[in-house]
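K.L.:
Now for the letters of each chain:
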Amino acid sequence: MSTVNSIEVENLRRVFTRRAPRKLPWRRNGGGKGNGPGTTGSNNGGNNRPKTTVAVDGISFGIQSGEIFGLLGPNGAGKTTTIKILCTLVNPTSGTARVAGYDIVREPAKVRGSMGTVFSGERSLYWKLTGRENLEYFAALYNVEPSKTASRIDSLLCKMDLEAKANELVERYSTGMRQRLAIARALLANPPVVLLDEPTAGLDPQSARNLRDTVRSLRDEGHTILLTTHYMAEADELCDRIAIIDHGRIIALDTPATLKAGLQEMHSLEVEVDRAPDGVLDELRSLPLVRGVESYASDNGLETWTIRVLTEDSRQTLDALLDLLRASGDRVLNMKANEPTLEDVFIALTGKSLRD
Amino acid sequence: MAKLSRWLYSQLRVIGATARKEFIIFTRYPANAVLELIEPLMWLTPLYFMGKAFSAGGHAVGFEGFTGTSDYFSFVMVGAFMSSYIAVAFWGMAYSIEGDMILGVLEPNWVTPANRVSMLLGRSIMFALLTTVQSLGVLLIGALLFNVKVSGDIFIALLIIVPMLIAILGLGLGLAGIVLAIRRAQTAIDMSNWVFSQISGMQFPVTVLPKPLMAVALALPTTYGYDAVRSVLLGTNPLLPMKQEIIILVTSAIVMCIVGRAVFYAFDRRCRRLGTLGGH
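If you're matching them up, the sequences are chains D and P in order. Take 1 as the starting number for the first sequence in our numbering and just add one per residue. Take 357 as the starting number for the second sequence in our numbering and just add one per residue.
To be clear, the hints were calculated from the coordinates, so they are not data collected in a lab. Since the structure is predicted, the reported quantities are computational estimates derived from the model, not experimental observations. Even glycine gets a Cβ: it sits at the ideal position worked out from N, Cα and C. It is possible that some hints are incorrect.
[Stated by the list, open to error] Below, simulated DSSO-like cross-link-like pairs (lysine-lysine); rule was C-alpha separation at most 30 Å, straight line: (1) P/Lys359 / D/Lys148; (2) D/Lys148 / D/Lys165; (3) D/Lys128 / D/Lys159; (4) P/Lys408 / P/Lys567; (5) P/Lys408 / P/Lys505; (6) P/Lys359 / D/Lys110.
[Said to hold, decoys possible] FRET-style restraints, in silico, Cβ to Cβ: (7) D/Arg18 / P/Gly455: 21 to 31 Å; (8) D/Ala233 / P/Arg629: 31 to 41 Å; (9) D/Pro146 / P/Ala622: 26 to 36 Å; (10) D/Pro205 / P/Gly493: 46 to 56 Å; (11) D/Asp220 / P/Met357: 40 to 50 Å; (12) P/Ile603 / D/Pro50: 46 to 56 Å; (13) D/Pro50 / P/Gly421: 53 to 63 Å.
[Claimed, not checked] Some chain D residues flagged as far from chain P (calculated, every beta-carbon gap over 12 Å): (14) Glu265; (15) Leu322; (16) Asn338.
Okay, chain P solo, but in the shape it has when bound (with noise of 0.2 Å):
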């Protein structure tokens, strides 16, 4: 038990002191720091004017047949909040490994004795705590400027979240093993991350989709995320009931741990095999 306790401690000092070296290389780039937590505005602004477009009377009524609610830009709103968390997966962790390997940081992080899985978790925890910061800033403006009316139980919401960021990080560590393998990965996360998001139902309800497509939304736990935070906050119509999707969410936070942590390791001893750890 004290071993398992010393092991412990270790592990969250490891995930500690990553975030905390993420935070300080991130605040040293003082500009980029702010220009980040603003993006979002700029993605999203466009999107509340076309929004307004389609609207007449402020609701848009097909839109409303779909989903239940008639306020397009608070769903695509909180869809930008929920997809922002993809992004740390994809970014946070997958990236930061290609990050690592440019600035020639990834060998001497990995002859120390520390756990890979931990330390990629760290920079994780970084990005999720600066985007949660982010995005609850963009909420706030949101609601001050553009009317975004958020009626439900935002720690419900927040409670949601929590198994659906677990099964994005279990994503991102098989996303940073192949990171590992491939090494130049930038356009790949670009489009996969815009990808997952969209057909995870970032803009528009899922129901819209072709079958085909729609096949492949239902297989992602984030589908079940975005609906059941949307039907909280927003009241929209669930795919599902609510108990289901959060099993669905729990089941897949478990599974994609475990398979993404098998997924790493099997790269990471590729690479020893194959001898590629740490070139770029």
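Bound conformation, chain D alone (with noise of 0.2 Å):
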């Protein structure tokens, strides 16, 4: 891998200012909601402040050639607007990044015809028109030369599987055809970096495999990726290095087997109980030597609920682990100690769940 930084990122910084819709009057005196993290300024009553979120908060990175490069992190973390000043559609507040060598605010147009990008959600082709009359329009959009234009629609087609439904409406594709549809597009004038914002998002888990597959192949190709995404497995599997981004900050950003390499010390406890465990949480968070807790409704159809615990020693939180939970009432169902996961890392990071 040659260490030339395709994508450039300095303390990049978005704040979005925006003004609360204005109450009803006969509604005024109602208590409103408060500010969540990271805001300021209120949106109570006739107080018509503007409120202010930091969406980024002073970022640095480089992604280098050939690389996947992950932002993990739970909704609302500044993945998105991140992507966004990265494509051009939002500028940033301050700070610089460069994409492909081109500058984001000075040079868009360039650094547009530099990258693909693939958007979260499957409303971003136009669903009357077939598969191949979506990737049509955007090769002229993108500026596809046209004695190639065809060869090329058809190479991606291929590629992506779609050559049985490339005349069909999109329309009556399913939410993965729709999606390597937008993959082919962002494919089209083969750029050299290509953002992939939650790419496997609403995906059963086939598709979503398949998906992955995908984004190792153009890896493999040469491209630049950078991806964001909230799947902890999904950035262990795919991603060559990831930032973990939380409340618009990076917390922490190296290859996952490093990450998880830090937590070496750690213990990673699953307990599975009959009932979502709520009160008992708390006090869980405070038990001497646990790092992080988080919990969740188990995936196993039962309706029961999965208990992580983080610990510096599971021998020593055991025994009080499972006290708490009894004296709460919680019917402990299962239990089982696993090596420490990303999703370890996040919570012992932060101190909570990429869930909550």
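From the two separate chains plus the hints, produce the assembled complex.
P.N.:
Below, the structure is given as structure tokens:
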């Protein structure tokens, strides 16, 4: 892998200032919700001061050519805003970024010509056009040479396994097919850089697996890929390097292996209980040696819940953990100790889960 | 020079691809396409009977005093023909931005290296062509059913329409920028399209307007477009000598294109600064 950076981001910051919608006069006395993290100002009652949200807070990173780089974080962490800044849809409040050597503010057209972008969600295509018609239209917009357009489209349709459906309306495509077509569109001009915003969101497991294979093959062809995801396993499996982002800040950046190696002294305990353990989580977090706790509905169709506890010593935590659960009336159904995962890295860094 | 011709070719390609895309989508809703083509008849038919009710022996005498022609319905028919081009700017160009926002395709279009003005022009040109087909059809039906008589030189009338259309496209660009910023613009577009058409004299001679409104009418290039085309096709009395009206139209075309482009890019920059692009 060469050491040339395809994307360079330096101290990028984006602040959104939005005026909250005015409340109707007869509803002004009601209690308004407080502002979320990273926000200032108020939207209560008649006081319609602008609300400020720091979406991206001074992030810096470089992505080498031919690398798959992941931005991993929960919803609202600033991943999509970073992508929108890099593809020139949103200007940064401060800081700089270069894509393929072009400055995103001073040379936006050249930046757009050097990258393909796949947005999250499936509504980014014309549903009343066929797959081929979509690609023909966007080929003109990406200035693909006319004499090569047809063969380029054919090869991309073949690569994305969409040949058989090429002449069908996109409205008849499955979500996975639409996502593959969106990737084909991003590759029309064979750009050096590809941005993928939550590429597997909403896909079934098989489609998601196929899409990950596609992303890997793009890297093998020499494309530089920046992808955002909130799926730990996906980031772990795909990315050469990962930046963990939370509240607009990068809180860790390294290879998945190195990030996990930092937790070698940690133990991850997974306990399955018979009901949502909301009442006991704060007590678990306050146990000595515990670095993070998360809970979520178990993925087994049995309506049970899983508690993950990251601790510096599972032997010492185990007794206290079981005592607390029994005292709160939760029935322990299953328990196991795991190797630390990227999820544990996130919990250790933030004290909370990606699902929070 | 080679660079310029390459650039020009790529812009024409974007315009062509956008117009083609819009046309294909238009044909994918066949019932809507048919209804859009016959819709003007629905609006015009009551005006035919109204004109008939106000005329004596086929002549609207009072109307003739203002315009020089007693054929009210032909006057309105030509007005409707011209107004459909104003709708191209308001609906074909400006509203298409809101349509893309609703469909979720604005951002994928905006992240391509294509010139945004060329994309908008492609849409408008498709709508302008459809409008021409629609209007010629309506004029033909008008001639067959309502005895509309067009005696002048249609070719000269079409030549007059060209600078007016360019001016309207400039206006459409500016409006597209505004829609980019305000996002929900359907009612505003509907109202401003109607007001623009009416004040330009779609259904009546602007000379009947009170002075403040007439001043507004005379500030709009479309007023001179309507007036010149009617003068050529129907022999009405023009507001100004024809040469002056054409100079006004050509000047307006240049000024409105420059201003419209500047306004569009100003709003585009504002949206990127505020981070509101693509939201709806």
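K.L.:
A separate judgement is required for each hint: does it hold in the structure or not?
P.N.:
Status of each hint after checking the structure:
no.: 1; hint: P/Lys359 / D/Lys148; in the structure: 20 Å, holds
no.: 2; hint: D/Lys148 / D/Lys165; in the structure: 21 Å, holds
no.: 3; hint: D/Lys128 / D/Lys159; in the structure: 23 Å, holds
no.: 4; hint: P/Lys408 / P/Lys567; in the structure: 29 Å, holds
no.: 5; hint: P/Lys408 / P/Lys505; in the structure: 15 Å, holds
no.: 6; hint: P/Lys359 / D/Lys110; in the structure: 16 Å, holds
no.: 7; hint: D/Arg18 / P/Gly455: 21 to 31 Å; in the structure: 24 Å, holds
no.: 8; hint: D/Ala233 / P/Arg629: 31 to 41 Å; in the structure: 38 Å, holds
no.: 9; hint: D/Pro146 / P/Ala622: 26 to 36 Å; in the structure: 33 Å, holds
no.: 10; hint: D/Pro205 / P/Gly493: 46 to 56 Å; in the structure: 54 Å, holds
no.: 11; hint: D/Asp220 / P/Met357: 40 to 50 Å; in the structure: 42 Å, holds
no.: 12; hint: P/Ile603 / D/Pro50: 46 to 56 Å; in the structure: 48 Å, holds
no.: 13; hint: D/Pro50 / P/Gly421: 53 to 63 Å; in the structure: 58 Å, holds
no.: 14; hint: Glu265; in the structure: 42 Å, holds
no.: 15; hint: Leu322; in the structure: 49 Å, holds
no.: 16; hint: Asn338; in the structure: 39 Å, holds
In summary, this structure violates none of the numbered hints.
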